Amino acid sequence: MYILRSIILTAFSIYSFNTFAQEFATDIHEKKAVSFITLEKKLNSKPYLGPKDIIISQHMAEPLLYRRAEKNIPDLVVTYTFTQKDSLVNSIEYEWDMLNFERERKPQPLKIQQAFIKKYLHLADFYTKKYGKSDQNGELTDLSKLDQPHGLNRRDQWKPNDSTEVWLHCTFSNIREKQGNATIEPTNRIRLSINKVKKNNTPKLNEKDLTAAKLSFDQFILKLRAGDLEGGKAFLSPTIRNQVNETVFNQIKSAIKPEAFKIFNQGFQIIPDGNTYLTIQYTYIGASDPPSEIVKVLFDNEHLIVGFHPLRLQQKTN
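Note that the sequence shown covers residues 1 to 318 in this note's numbering.
Just so you know, the hints here were simulated from the structure itself, not pulled from any lab data.
Don't take every hint at face value.
Using 30 Å as the maximum straight-line C-alpha spacing, the simulated DSBU-like pairs for lysine-lysine come out as follows [stated by the list, open to error]:
id: 1; residue 1: K41; residue 2: K233
id: 2; residue 1: K296; residue 2: K214
id: 3; residue 1: K253; residue 2: K196
id: 4; residue 1: K208; residue 2: K133
id: 5; residue 1: K71; residue 2: K106
id: 6; residue 1: K257; residue 2: K296
id: 7; residue 1: K178; residue 2: K41
id: 8; residue 1: K106; residue 2: K32
id: 9; residue 1: K145; residue 2: K106
id: 10; residue 1: K118; residue 2: K196
id: 11; residue 1: K71; residue 2: K41
id: 12; residue 1: K233; residue 2: K262
id: 13; residue 1: K178; residue 2: K111
id: 14; residue 1: K42; residue 2: K32
id: 15; residue 1: K85; residue 2: K41
id: 16; residue 1: K178; residue 2: K204
id: 17; residue 1: K130; residue 2: K159
id: 18; residue 1: K133; residue 2: K31
id: 19; residue 1: K196; residue 2: K214
id: 20; residue 1: K159; residue 2: K198
id: 21; residue 1: K85; residue 2: K129
id: 22; residue 1: K106; residue 2: K129
id: 23; residue 1: K233; residue 2: K296
id: 24; residue 1: K214; residue 2: K145
id: 25; residue 1: K178; residue 2: K196
id: 26; residue 1: K145; residue 2: K42
id: 27; residue 1: K111; residue 2: K32
Quick caveat, the model's predicted, so the values are computed rather than measured.
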């Protein structure tokens, strides 16, 4: 009997997980809006007219909103945001909020708030099983907070990879309170959002690239100080090589001192055209700390100089 009960519970757990997996997104990368429109039709969702004033980001189409029927809590409103050009989904927001279907916020009976909490915990459990432990803040156990300022709150965040964020948060409160010119209204709401985030494509510093870049700089400085324009051009990127004539070469030469250099800082710089370059800031061996002068040098993928900027730093005065 216990074995049978265990099998039934396991089967129910798998069924529940699969049901959530069908109703709530976990991966939106390279997914087009049409696939989610098909899902909403399958779930018998109805198109929903949201707020009249919607701020639409550049390159994004007008969001699609759907209303899904729920039991014991307000119906779910799903918002799909996608690109105008190719209809790729950028974010999905799921919201359960009494205010979507009521004219004003008002206190809710404990039965409804407990149903809200149950829903939240099911969602948190689903994404935890999918992505692992969340970054959690707050708890939903002390129901006495429902009738206290700030109410009952919890927030969970998952970052399954470097280009996806999942946020789940809720607020449950029956408090109506005036604070100065503002009024705190009763709020009972769950929001779940799956968002694309821009990948961090900044490369990592490695010794091989730094060594090659330093060699290019050292050789360029030797040719510069010797007045060898053609020899110096060999260490310049093709993108700027033809721009450096005798006049420019001599201007660079006159802008630096006849002293040895040392590295002050190193990293990467993104320029307005979107390209990222290895950047090394040099200062002079005998410079003060912090230095009053630096030479900022940018290098291309071949470790050739693509930018050379002698800079004088403004010192702070008391």
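Going through the hints against the structure:
1. K41 <-> K233: violated (64 Å)
2. K296 <-> K214: holds (12 Å)
3. K253 <-> K196: violated (47 Å)
4. K208 <-> K133: Since the Cα atoms of K208 and K133 sit roughly 37 Å apart, the hinted pair is violated (cutoff 30 Å).
5. K71 <-> K106: OK: K71 and K106 at ~19 Å, within 30 Å.
6. K257 <-> K296: holds (14 Å)
7. K178 <-> K41: violated (43 Å)
8. K106 <-> K32: Violated: K106 and K32 sit about 38 Å apart, past 30 Å.
9. K145 <-> K106: Given that 30 Å is the threshold and the Cα spacing comes to 16 Å, the pair holds.
10. K118 <-> K196: Distance of about 27 Å is within 30 Å: holds.
11. K71 <-> K41: The hint holds at about 19 Å.
12. K233 <-> K262: With a Cα-Cα distance of about 22 Å, the restraint between K233 and K262 holds, given a limit of 30 Å.
13. K178 <-> K111: Holds - the C-alpha atoms of K111 and K178 are around 26 Å apart, at most 30 Å.
14. K42 <-> K32: holds (16 Å)
15. K85 <-> K41: Given that 30 Å is the threshold and the Cα spacing comes to 23 Å, the pair holds.
16. K178 <-> K204: Distance ~52 Å between K178 and K204 Cα, so the pair is violated.
17. K130 <-> K159: Within the cut-off at roughly 11 Å; holds.
18. K133 <-> K31: holds (25 Å)
19. K196 <-> K214: Distance ~37 Å between K196 and K214 Cα, so the pair is violated.
20. K159 <-> K198: holds (13 Å)
21. K85 <-> K129: Violated. K85 to K129 sits at ~34 Å, over the 30 Å cutoff.
22. K106 <-> K129: Roughly 34 Å separates the two Cα atoms, so the pair is violated.
23. K233 <-> K296: Within the cut-off at roughly 18 Å; holds.
24. K214 <-> K145: violated (61 Å)
25. K178 <-> K196: violated (38 Å)
26. K145 <-> K42: violated (39 Å)
27. K111 <-> K32: Answer violated: K111 to K32 is near 38 Å, above 30 Å.
Taken one by one, the earlier hints fail for this structure at numbers 1, 3, 4, 7, 8, 16, 19, 21, 22, 24, 25, 26 and 27, listed in ascending order.
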